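Single-letter residue listing:
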Amino acid sequence: MSAGAHVTPTRPNPVAGFFKIEGTATALVFLVLIVLFMITAPRAFLGYRVYMSFMASVPPPLIIALGLTLVATAGEMDLSFPSVVAFASYVFGFLFQQYDMTWLALLAALAVGTAMGFVNGLVVTKLGIPSMIATLAMMFLWGGLLTVMSNGVSIAIPDIQQTLLNTIMVGRIGGIFPAQMLWAIALSVFIWHLLNRHRFGENILFIGDSLKVAKVVGIQIDREKIKLFTLMGLLSGLAGVFLTVETTTYFNQQGAGYLLTVIAAVFIGGTSIFGGSGKVAGTVFASLIVAVIEAGLVASGVQGFWTRFYIGLVFIISVVMNTAIEDPDKVPLIKSLRSRMRQ
Amino acid sequence: MTSTPIVRLENVRKQYGKVVSLKNVTLEIGANEIVGLIGDNGAGKSTLIKVLTGVEQPSSGTIYVRGQKIDAASYSVKEAHKLKIETVYQDSSLGEKQPLWRNFFVGRPLTNRFGFIDVKAEKRVANEIMRSTIGFRGVGIDVDTPVSRLSGGERQGVAIGRAMHFDSDLIVLDEPTVALALKEVNKVLDFIRSIKAGGRSCIYIEHNIHHVHEVCDRLVVLDRGEIALDAPTSSLTYTELTDFLMSLHKPGAAAAN
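First to last, the protein sequences are chains A and B. Here the first sequence is numbered in our numbering, starting from 1 and rising by one per residue. Here the second sequence is numbered in our numbering, starting from 1001 and rising by one per residue.
Note that these hints are calculated values from the structure, not bench results. Hints are supplied without guarantee of correctness; some may be wrong.
[To be verified] Below, computed lysine-lysine pairings styled on DSSO-like, alpha-carbon distance capped at 30 Å:
(1) A:K20 - B:K1084
(2) B:K1082 - A:K126
(3) B:K1097 - A:K126
(4) A:K20 - B:K1123
(5) B:K1196 - B:K1069
(6) B:K1196 - A:K212
(7) A:K20 - B:K1069
(8) A:K227 - B:K1018
(9) A:K330 - B:K1018
(10) B:K1018 - A:K335
(11) B:K1120 - B:K1082
(12) A:K212 - B:K1183
(13) B:K1183 - A:K335
(14) B:K1097 - A:K335
(15) A:K215 - B:K1069
[To be verified] The following residues of chain A were derived to be distant from chain B, with all beta-carbon distances above 12 Å:
(16) L36
(17) Y48
(18) V50
(19) A56
(20) I129
(21) A295
(22) S336
[What the hints assert, rightly or not] Sample of chain A residues facing chain B (criterion: CB under 7 Å; computed from the structure):
(23) R197
(24) H198
(25) R199
(26) L205
(27) F206
(28) D209
(29) L211
(30) V216
(31) I221
(32) G276
(33) S277
(34) A281
All values reported here derive from a predicted model rather than from experimental measurement. Cβ coordinates follow ideal geometry from the N, Cα and C atoms, glycine included.
Kindly produce the complete structure, drawing on both the sequences and the hints.
Shown next as structure tokens:
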């Protein structure tokens, strides 16, 4: 302690060290669930098919969850993404069906998602409405606009399967492995770097940590928030296209089912509900957890109605655990237990 | 040194709606001097600092930095940083959940041209600042430690170390000793002396008159948005200073304004 040469007197604790690596806790929960379902539903979970089906269905909600992880890190919320997903789906499906567009339809869908995200950002920053409420309103607004434009009809585009775009986006590598999972992984790596290694991510971390601090260190808060919601719109649009190309359909309620599971995935993954800390790796594994609970419970013979119940249970437990890891005193129950133990 | 002052405020006025926070303030901060800024709550200290450091724009008046007139409309925190003016706010200079290395560089990270941060370089420099500039021989504190685990005095040290690293000529400290234990207060006063020793200037805003009198070269008293006193510390004793401050609260003094 005298010379001050060593600033890091690390106490080697391999267990704590392991859990310090981002996402390990969530990954562990995922593995436990898999092993559990291998016991309760061996027929499904010992074969490879169920995993291939996850990898086909998880990418769209995962891509949205990546964006929402950044939004939550900034201490904000976006509830409008189901409508953005549906809108981008519709634009893509419509342009393909009517004009045989593929890549142009993709670009148009992404542009629409980006523009909607940009408008969301403007509403949040320039009108000063808390984002939870503003984006709830925008969910109705975009959803309503879509219903009017599409007349509420669905679009089936089975021909999309003959296109190059289909092969590149959602083709089956080696006949079995869904390509969208590779895209989702690549995107996850990119978003991780954006949050943890980029100026933009650092600004988001400080905005979520404290607006006052962000202001005095010279971060342009409104500009960064608008960028953030715009990116969220772009990712939601991309998720919408992946979903439409995979399922070869657009329908009015597309994306609506993602609302709760995506939010759950973000916070199960360890991103702080108070902002200022985001866990991209946690989000990836938590997205898998949410999917595996849905499939695993059904395969284990539990009635389908129970899946939401269990996701809710995992959600509560994870958020409490993550909060306690961040600061035990933020959980009143743990705080009072600790103070009683000290007496 | 009789060089041009680092900062000069001329007839600066700041108004929030109908509330006038600063009326006609003229103030100079010279090179390598520690100026104590004293005043009651609501005297306009915070507003003065915000105007000086680009957080808020003045309603009227002019700001000169090293003799050059500043365009008030485009004066911002970033501009102030470029002009080597740094502020350390009592409780809002550091991101609680963020590691120390991020806190050293936030707002002006070392990035490549795509905006990606050079984490290794930032950690190395942060480590140097901690060891040499602010002398942390912390048990269990390293560049990866989140700010939430530091004591109040250590936080001030980090913020002051950051300001010195970026070669600021003028460091503004906003009540750095509020809510600190005595031992921690002494650490902060030492940090302030190291600012002077490093050839820089400092504006030290404080409630505790005793601390101000101890470390400052010059004292400025702000009262209801106006400068009531601007004198070298050596010209008044501690008792004279307190007497003067008490006199401001007498009804007669208010009528004189």
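Okay, the hints, checked on the actual structure:
1. The suggested pairing of A:K20 with B:K1084 is violated, with an alpha-carbon distance near 37 Å, which exceeds 30 Å.
2. Distance hint between B:K1082 and A:K126 is fulfilled; the C-alpha atoms sit about 28 Å from each other, no more than 30 Å.
3. Restraint check: the Cα-Cα separation between B:K1097 and A:K126 comes to about 27 Å, which is no more than 30 Å; the hinted pair holds.
4. At roughly 18 Å between alpha-carbon atoms, A:K20 and B:K1123 fall within 30 Å of each other, so this suggested pair holds.
5. Taking the CA atoms of B:K1196 and B:K1069, the gap is near 26 Å; set against the 30 Å cutoff, the hint holds.
6. Annotation: proposed proximity of B:K1196 to A:K212 holds, straight-line Cα distance about 28 Å (limit 30 Å).
7. At roughly 51 Å between alpha-carbon atoms, A:K20 and B:K1069 are farther apart than 30 Å, so this suggested pair is violated.
8. Restraint check for A:K227 and B:K1018: not satisfied, since their Cα atoms lie roughly 35 Å apart, outside the 30 Å limit.
9. At roughly 40 Å between alpha-carbon atoms, A:K330 and B:K1018 are farther apart than 30 Å, so this suggested pair is violated.
10. A C-alpha spacing of about 45 Å is found between B:K1018 and A:K335, which places the hinted pair above 30 Å, so the restraint is violated.
11. Distance restraint check for B:K1120 and B:K1082: the Cα-Cα separation of roughly 24 Å lies within the 30 Å cut-off, and the hinted pair is therefore satisfied.
12. Restraint check for A:K212 and B:K1183: satisfied, since their Cα atoms lie roughly 28 Å apart, inside the 30 Å limit.
13. Taken as a hint, the B:K1183 and A:K335 pair is honoured in the structure, with Cα atoms around 29 Å apart against an allowance of 30 Å.
14. The hinted pair formed by B:K1097 and A:K335 meets the criterion: a straight-line CA distance of about 20 Å does not exceed 30 Å.
15. Distance restraint check for A:K215 and B:K1069: the Cα-Cα separation of roughly 24 Å lies within the 30 Å cut-off, and the hinted pair is therefore satisfied.
16. At roughly 33 Å, the least C-beta separation between A:L36 and chain B is larger than 12 Å, which holds for a residue marked as non-interface.
17. Interface exclusion of A:Y48 from chain B stands, the closest Cβ pair being 37 Å apart, more than 12 Å.
18. Distance check on A:V50: its Cβ is at least 38 Å (rounded) from any Cβ of chain B, clearing the 12 Å threshold; non-interface status holds.
19. For A:A56, the requirement that its beta carbon stay farther than 12 Å from each beta carbon of chain B is met, with the minimum near 32 Å.
20. Every C-beta of chain B lies more than 12 Å from that of A:I129, the closest at about 22 Å, which supports listing it as non-interface.
21. The beta carbon of A:A295 is kept farther than 12 Å from every beta carbon of chain B, the shortest such distance being approximately 35 Å.
22. In this structure A:S336 is separated from chain B by more than 12 Å, as the shortest Cβ-Cβ distance comes to about 21 Å.
23. Here the hint on A:R197 is kept, as its CB sits about 5 Å from the closest CB of chain B, short of 7 Å.
24. With its C-beta approaching chain B no nearer than about 5 Å, A:H198 sits inside the 7 Å limit, and its interface hint holds.
25. Interface restraint check for A:R199: the shortest CB-CB distance to chain B comes to about 4 Å, inside 7 Å, so the restraint holds.
26. Among the interface hints, the one on A:L205 holds; its C-beta lies about 6 Å from the nearest C-beta in chain B, closer than the 7 Å criterion.
27. Among the interface hints, the one on A:F206 holds; its C-beta lies about 5 Å from the nearest C-beta in chain B, closer than the 7 Å criterion.
28. Hint status for A:D209: holds, given a least beta-carbon distance of 4 Å to chain B, under 7 Å.
29. Checking A:L211 against chain B by beta carbon gives a least distance of about 9 Å; that is not within 7 Å, so the hint is violated.
30. Interface restraint check for A:V216: the shortest CB-CB distance to chain B comes to about 6 Å, inside 7 Å, so the restraint holds.
31. At its closest, the beta carbon of A:I221 sits 11 Å from a beta carbon of chain B; the interface hint therefore is violated under the 7 Å criterion.
32. For A:G276, the interface hint holds, the least distance from its beta-carbon to any beta-carbon of chain B being 4 Å, beneath 7 Å.
33. A least Cβ separation of about 5 Å between A:S277 and chain B falls short of the 7 Å threshold, and the interface hint therefore holds.
34. Residue-level restraint check for A:A281 is violated (minimum Cβ-Cβ distance to chain B is 17 Å; threshold 7 Å).
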